[in-house]
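Asks: The lines below spell out each chain.
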Amino acid sequence: MEGKMIDENGLRIDGRKVDELRPIKIEAGVLKRADGSAYVEWGKNKVLAAVYGPRECHPRHLQDPSKALVQCKYNMIAFSVSDRKRPGPDRRSVEISKIISEALEYVVFTEYFPRTSVDVYIEILQANAGTRCAGLTAASVALADAGIPMKDMIPSVAVGKIDDQVVLDLCKEEDNYGQADLPIAVVPRTGDILLMQMDGHMTLDEFNKAMEYGFGACEKIYQLQKDALKRRYAVEDVEGLEEEAPREQQDMEG
Amino acid sequence: MEGKMIDENGLRIDGRKVDELRPIKIEAGVLKRADGSAYVEWGKNKVLAAVYGPRECHPRHLQDPSKALVQCKYNMIAFSVSDRKRPGPDRRSVEISKIISEALEYVVFTEYFPRTSVDVYIEILQANAGTRCAGLTAASVALADAGIPMKDMIPSVAVGKIDDQVVLDLCKEEDNYGQADLPIAVVPRTGDILLMQMDGHMTLDEFNKAMEYGFGACEKIYQLQKDALKRRYAVEDVEGLEEEAPREQQDMEG
Amino acid sequence: MEGKMIDENGLRIDGRKVDELRPIKIEAGVLKRADGSAYVEWGKNKVLAAVYGPRECHPRHLQDPSKALVQCKYNMIAFSVSDRKRPGPDRRSVEISKIISEALEYVVFTEYFPRTSVDVYIEILQANAGTRCAGLTAASVALADAGIPMKDMIPSVAVGKIDDQVVLDLCKEEDNYGQADLPIAVVPRTGDILLMQMDGHMTLDEFNKAMEYGFGACEKIYQLQKDALKRRYAVEDVEGLEEEAPREQQDMEG
Amino acid sequence: MARAIMSDIKRDHIHKLLSKGKRVDGRNWDEFRQITVETKYVESAEGSARVRLGNTDVLVGVKMQTGTPFEDTPDRGVLATNAELIPLASPTFEAGPPDEDSIELARVVDRGIRESEMIDLSALCITPKEEVWMCFVDVYVLDYDGNLFDASFLGAVAALKSAIVPAATFGKGENFPLPTKSTPISCTAVQIENSILLDPTLDEEKVADARLTVTTDENGDLRAMQKGLEGSLKLEQVRKIIETSQRLGKELRKLVG
Amino acid sequence: MARAIMSDIKRDHIHKLLSKGKRVDGRNWDEFRQITVETKYVESAEGSARVRLGNTDVLVGVKMQTGTPFEDTPDRGVLATNAELIPLASPTFEAGPPDEDSIELARVVDRGIRESEMIDLSALCITPKEEVWMCFVDVYVLDYDGNLFDASFLGAVAALKSAIVPAATFGKGENFPLPTKSTPISCTAVQIENSILLDPTLDEEKVADARLTVTTDENGDLRAMQKGLEGSLKLEQVRKIIETSQRLGKELRKLVG
Amino acid sequence: MARAIMSDIKRDHIHKLLSKGKRVDGRNWDEFRQITVETKYVESAEGSARVRLGNTDVLVGVKMQTGTPFEDTPDRGVLATNAELIPLASPTFEAGPPDEDSIELARVVDRGIRESEMIDLSALCITPKEEVWMCFVDVYVLDYDGNLFDASFLGAVAALKSAIVPAATFGKGENFPLPTKSTPISCTAVQIENSILLDPTLDEEKVADARLTVTTDENGDLRAMQKGLEGSLKLEQVRKIIETSQRLGKELRKLVG
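Here the protein sequences come in this chain order: A, B, C, D, E and F.
Note that my numbering numbers the first sequence so that position 105 is 105, with each residue one more than the last.
Note that my numbering numbers the second sequence so that position 70 is 70, with each residue one more than the last.
Note that my numbering numbers the third sequence so that position 199 is 199, with each residue one more than the last.
Note that my numbering numbers the fourth sequence so that position 161 is 161, with each residue one more than the last.
Note that my numbering numbers the fifth sequence so that position 27 is 27, with each residue one more than the last.
Note that my numbering numbers the sixth sequence so that position 195 is 195, with each residue one more than the last.
Rather than coming from a laboratory, the hints here were simulated on the basis of the structure.
Please note: incorrect hints may appear among the correct ones.
Where chain E lies over chain A, by a calculated footprint (3+ residues, C-beta under 8 angstroms) [stated by the list, open to error]: (1) 9–17; (2) 121–130; (3) 133–141; (4) 169–183.
Chain D regions said to be covered by chain B (calculated; three or more residues, Cβ under 8 angstroms) [claimed, not checked]: (5) 139–147; (6) 209–215; (7) 225–238.
Derived lysine-lysine pairs resembling DSS-like cross-links, with alpha carbons at most 30 angstroms apart [claimed, not checked]: (8) D:40 with A:67; (9) C:32 with F:40; (10) B:172 with D:10; (11) E:206 with A:73; (12) C:4 with E:250.
Treat the numbers as computed from the prediction; the structure is a model and nothing was measured.
Where a beta carbon is used, it is the ideal one built from N, C-alpha and C, also for glycine.
So that you can see chain A by itself, here it is in the shape it has in the complex (with noise of 0.2 angstroms):
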C-alpha cells in the first residue's frame, strides 16, 4: 500500500474520480464464424465474446430435457497477462465461468430449447482488473446479437477499495494495491442481483457505497449495451426485446 493511490483533489492515479468508470467500446457482431459476438474494451482490457447455438449438447448425458443450458468458458490468452498463462482451464478461471454461466441462464430464456446447449466463449485478450464483469458485460451483448430470446441485458462491473475509500472500477494499479474487490451485475430494470462476490475488508457502510457506485455503473454499461446493439442492428429489434422479455419472465415465474 505505498504512497497515496487518491490524490488531495480526490482524483485517482489514471485522473479519474472515485464514481467514474474507465472508458468502454462495446461492439456487436464482430466475429463471422459465430452466431453472435461481440468486442468490449474496457480501459486497458480487450474482450471477446462469442456465442454458439442453441445447438446439440455436448457432452450428452448433461442434456435437460426441460431446457437449454448455457456454458460459458472464459479464459485468458497466454500473453494477455505479464507473465505467460499457459494454455487451458486454471482452478481461477473455472469458477470465473461457472459464475457467469449461472448469471447468464437467468436471463436467457432456456425453456424454449430444451436439451440444446447455448455456448458462450469469452476470451480475455489483453487483461487489466475487472475481466470477468467486461467478459460478461460482452457476453450478454453477444448473445443478443444471436438472437438468443432473453430477458434482458447484463451489465456486470467491480467496485472495490483503495485508500480506506470505496471506488468504482479498479484498474490493474490499483487492483495490485487494493482493500478489497466487489464484482457484481445488476439488471438496472429489476435491480435484480446475478453476480456478487467479494473479497477483502469492508464494512456494512462501505458496502453499502459499493451497492450506490455499482448500481449507477451498470445502468450506464447497460445503455452503451444497448447503444451496441441499436448500431448493430434496426432500432424497432431492440426496442421489441425489451418488450416483450417482461411478460414471458412473468409467464416463467407465474
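Got chain A; can you put chains B, C, D, E and F on it based on the hints?
Replies: Showing chains B, C, D, E and F alone in chain A's frame:
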C-alpha cells in the same frame, strides 16, 4: 533394521504378542447418503467404506449383460500420511483398488443384477500400515449394510516378518523395518483365499507360519464384522444371510 | 557441422554413396494377434507395424457413414532413443501420426467399409533417423498383410543435405549435422506424392536433385515391399492385387 | 451446475411449507442445524477437524511442509486450499479431478481464510526469498446433505486453529502452534421464492433460486462473499443475509473457540 | 482429419466454377485474399500481431522470460510455439488440449521460423549453460475461414519483428528489440481436381484433395514444407506451388516490413 | 478387469479337456511353453531383452541416467518400472495412459526385482544425497497370448543382467555392468475348476477362476506373490503353486544365465 523390534519376552514395541492383532473397532451404517457404509478403526488406521448400487454402470461400455460389476476405489486422503499425498489415484491405489474389487466380486451375487455396477469407495482417513486389509474388511461390511446379496463376508489381515520372525498385523513402525509383508483375505467358513500378495523375503516354513497366523486372525475379524452387523440389524437377518449363502453358491457353480 | 561428412571419394561416414540407401529388410506377418503386421529393419532403425480392422470405429462420433477411417498411431518406445522418452504421445508423434494416416487413407479403399476404422500402429523399437519413412513403409506392408483392399503400396524415404550436398537417406550421425531433411512418400506407378515435409535450407535446384534421388529410392523400396509380401503369400495373390488396383482407382476417380 | 433432479412432490412440499413460513425440518429461517466440531481427528495431519452440520459431514486437514515462497511475496508463507467431493459422500459426486463445484468450494473457503488474514503468513517465513512454510488445507466431504460452504469453512478454521507447525520434523527448531490472528465465520443462505433461509439442507438447495455466502470477522466486517445459482437476489435480501451472518457469526465463532 | 461435412450443392458449385478456371469469390488461382496486419495489438505481450486474411482472423503474441537452455544448445535461446484453435473461432473447434490439427499448425509455424533462422537465438543467450531468453509464440485463431497456416505464420513473423526483449523487467540491462535475421514467408496451396489454388478459403479446403505449405526466405530458398490431406500431388504441381510461393513471398513480405 | 469375452464353445472345450487332465496345446499342467530370450535387442537401451513365450512376445529395455536420490534412501540408486500394453499387441489393448492391468503388471514386475534385491542399488550411488543412478525398466508387450507376468519378468531380469551403466556418457568414469546380486524368477499359475495350470495361454486366462504369481530366488525363498482374478484359491493350491514355482524356477533361471 536398527535395534530389536521384539523384546526378550517376545513382545513387540506396542506390547503385542507375535500373533496378536491390534485393537479393531467396526461400525456399520455410519453414513447417511450411501446405500451402505462402515467405519473401521484398526490400531491407528481409520477407514471409511461406502457402497452405492446396484446402479447404472458408468461408463456404459463396461456394462456386462450377464452380471453386475463390482468397482472399488481405494483412496488415501491427503493428510492420512506423514507427507501430504496429492489427491487423485496413484499407481499403488489403482493396484489395490483392482485386487479389492476382485475379492469383493467373489462374494457378491453379481448375476442377480446384470448390467449394473456395485460401487465401493474406501477412504483411508488415517494410515498406519495394513490399510488395504482394513479397507477390504470395511468394504464387505458396507456391502452387507447396503443389503447387497452376498455369499459371505471377507475378513482380511496382513502378516509380516520382523527380526527374522513371522508376526501378525504389522503397525507402521514395524512395517518401516519389516522384512516381509503378506496381506491376505480368507473366508473362514470355506478357507477360500480371495486376496494374497507378498513382498520381502520368506521361506516356505515362514509362509506356513504366516498362514497359520493369518487364517486365525481372519476368523477373529470375521466375528467382529458379524458383530458390527448384528449391532446394526436384528440378529435373524444376519443369520439368514449365512443360511442362504452356501445354497446360492452351489447354484452358481453347479 | 564439424569435420567433413563426405570424403574425397564422395563416400559418407558409413561408406555409402550420396544416392545410396541403408540396408533395408522387410518382413510381413510377424505378429500373431494383429490382423496384419510387418517388421522393417532399415539401417539401425527397427520398426514394427500392426493393423487391426476394419473394425468398429471408436470413439463413435468419429464414424463416417460413407467410408472407413484410417487411424495411425506412430510411437517411439521409451528406450528407442538415447535419452529415455517418456511413454505417451508427444507433439512430434501426433503430427507424424496425422500425416501418415493421411497418406495411408489415399491407398485404402475406405469406401468399402463405411463406419469402420482401420487402425494402424507403428512402434519404433530402435530409432536412427528416418523413422517416419520406415514406419510408413512398414505400415503399408502391414495393411496388405491384413488383406485390406488397397490401390497400391506406399514406399517412403527421406532425402537430406549435408556438407552442402544432397544425399539420400540420412543416418542419425548425418542427421545431427544435417542442413535439410525432406521425407517423401511416392507411389512409383503413378508418381503420386502422398507425404512431403521439409525443413532446413534448400535451393530449388537442390530440391530437384532431392526428388531425383527420392523417386529412385522409392522404386527400390517398393520392390522390397512387394518381395516381402511375396515371401509371405503365394505369388498370384500379390499380382492379383496389382492387377486389380488400377481399375478400382479409376472407378473411384471416375 | 450439477443440480440434482428432485421430485415434484418434494419440491411442492417445500414450497407449500415455505409459504407458511416453515421449513421441512421445523427450523426457523435463520437457524442452523446442530453442529459438532471435533478437532485433532487425524493424527497424521498437523491440524484437523471433523464437522457435522446436521447430516452433512466434512473432514478438514492441515498439512505443512517447507517450500519456496512466491516471487511477489518473498517473506510470507504459502496457503493452498483444496476440496474433494469424493463419491463416497453422495451418489451425485463423481471420481476424478476437481470439477467446478469443488473448485468453487475450495476457492470460497480459501478466500475467507486469506482475506480475513486469519493466518499470520509473515510468521511462516523461514528465510526470506528462500524458504517458507507451506500450509495445505484439504477439505473432504464425507456425507453430503447441503451447505458445504459453511461446514467446510468451519472445519478449515477449526483445523487451522488446532494446527501445530512441525518445525522439529523439518529441523527448524521447536514445534509451535500455527499463528492465527482472527476467526472468520461464513454463513450461507438461499433464496427460495423470495424467502431467505440460512444453512440450507440438500433438499432446500435443490429448489433454491439463489445462494449467498457471507464471511465476516470478529468486528462483523465483510471479508468475502459469493453469490451462486441461476436465480437473482435483491439488494435488500443481500443486506438481510449480511446482517444475519454478522449476528449468527458471533454464535458460530464460539464453536471454534 | 476433422474435415467438416459440406453440402453436395456447395461442393458441386466449387467444382463447376473450377472447371471454368474460376473461384467462388472471383479470385485468380494465385491470388491471396485481402490481408491486414496490425502489430502491437496486445500491450501485455512483448510482441503481437492481429492478422486478418479475408474472414480468417488470427492473433499472435510473443512472451519472453528467462530460463535454462537445453543441454545440447547451451548458448542459444529457446523458441516454443503453440497454437490454440479455440471454440470461439468455429463451431468445429472444441475446448481442450491441442488436437492434431492445432499441433500440426503450431509445428509448421515453428519449423518455418526455426529453419529460416529468423530469430538470432545465439543473441538470446544471457549466461551460457545457465540462463537464456525463452521466447513463446502463441497463436490464437479468432475467426476461421481457411488457410490458418499462412495467417498464423504471417502473424508470428510480424509479432516477432515487433517484439521487445524485456531485459529491464528481468534485471538484465536495457530492453532491446528481438534480434531477427530474416523474414520468412509461407504460402499455402490446395489441389482440387488437379487445379492449384493459393490461399484457400474454408469451403475450398473442405473440397481439397491435397494441401501444400511452402516457406521461403528472401532468396526464395526453401526453408520448410508440409503436405497435408488425404490426396496426392504430382511433382510438377509441387514445383508450381514452390515457384508461386517464391513469387508471392516477395509481395507478402512487404506486409511485415 | 478387462477380461475379454470368449465363445461358449471354446470355454467348454477347455473345460472338457481339463476334466481329462489335458490342455488345449497338449502341455502338462506344470509345463511352460517354448521360451526364447534375446538380449541386447535394442542398441539404444543400456540393456534389453526380447522374450517370446509361446506366442506371447515382450520387449523389455533398461535406460539409465543420473538423478537425485529419494530423501529416505540418500545412498541408493532409484529403480522405476513401467509396463505398456500397447494396442499393437492385442485388439483389447487401448491407447492411453496405463490402465489397471498395465499398472498391476508393472508393479508385480517391480516388486519381484526390488524385493529379491536383484540390483545392488547401493552400488548405484554416485554422491550420497545428491546424485545416484536411476534405472528405468520399460516393458512393452508386442504380442499378447497370455502370461504377461512371467514373460515380462523374465525379460526384465534378462535386460537388467545384460545392462551396462553408461558412466562414460555422463562423465562419471568408465562404463560398468549393472551390478546384480541375484536372479529372481516368477512363475504364474491359474486355477480353472480346481485344476492348477502353469504358464496359462490367453484362452486359459479367459476361463480361469484365479491366478497366482510367485517369485522366488536362487534359494527357492519367496520374494513376491500376487493373487489375481475374481475366484478363490485354497491353501493347498497355493502351496502346490509355490512348490512348483521353486522347482520350475531352477530351469527358467538357466535361460537368463
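Asks: Now look at each hint and say whether the structure bears it out.
Replies: Hint by hint, here is what the structure shows:
1. 9–17: Check failed, 0 qualifying residues.
2. 121–130: holds (count 5)
3. 133–141: Violated - the segment 133–141 of chain A has 0 residues with a Cβ nearer than 8 angstroms to chain E, which falls short of three.
4. 169–183: Contact hint for the segment 169–183 of chain A vs chain E: violated, 0 residues under 8 angstroms.
5. 139–147: Coverage by chain B holds here, the residue count being 5 at a Cβ distance below 8 angstroms.
6. 209–215: Violated, because only 0 residues of the segment 209–215 of chain D bring their Cβ atoms closer than 8 angstroms to Cβ atoms of chain B.
7. 225–238: Three-residue rule not met by the segment 225–238 of chain D, so violated; n is 0.
8. D:40 with A:67: 46 angstroms, violated
9. C:32 with F:40: This hinted pair holds, its Cα atoms lying about 23 angstroms apart.
10. B:172 with D:10: Violated, at roughly 49 angstroms.
11. E:206 with A:73: 28 angstroms, holds
12. C:4 with E:250: 35 angstroms, violated
In this structure, the hints that do not hold are numbers 1, 3, 4, 6, 7, 8, 10, 12, in rising order.
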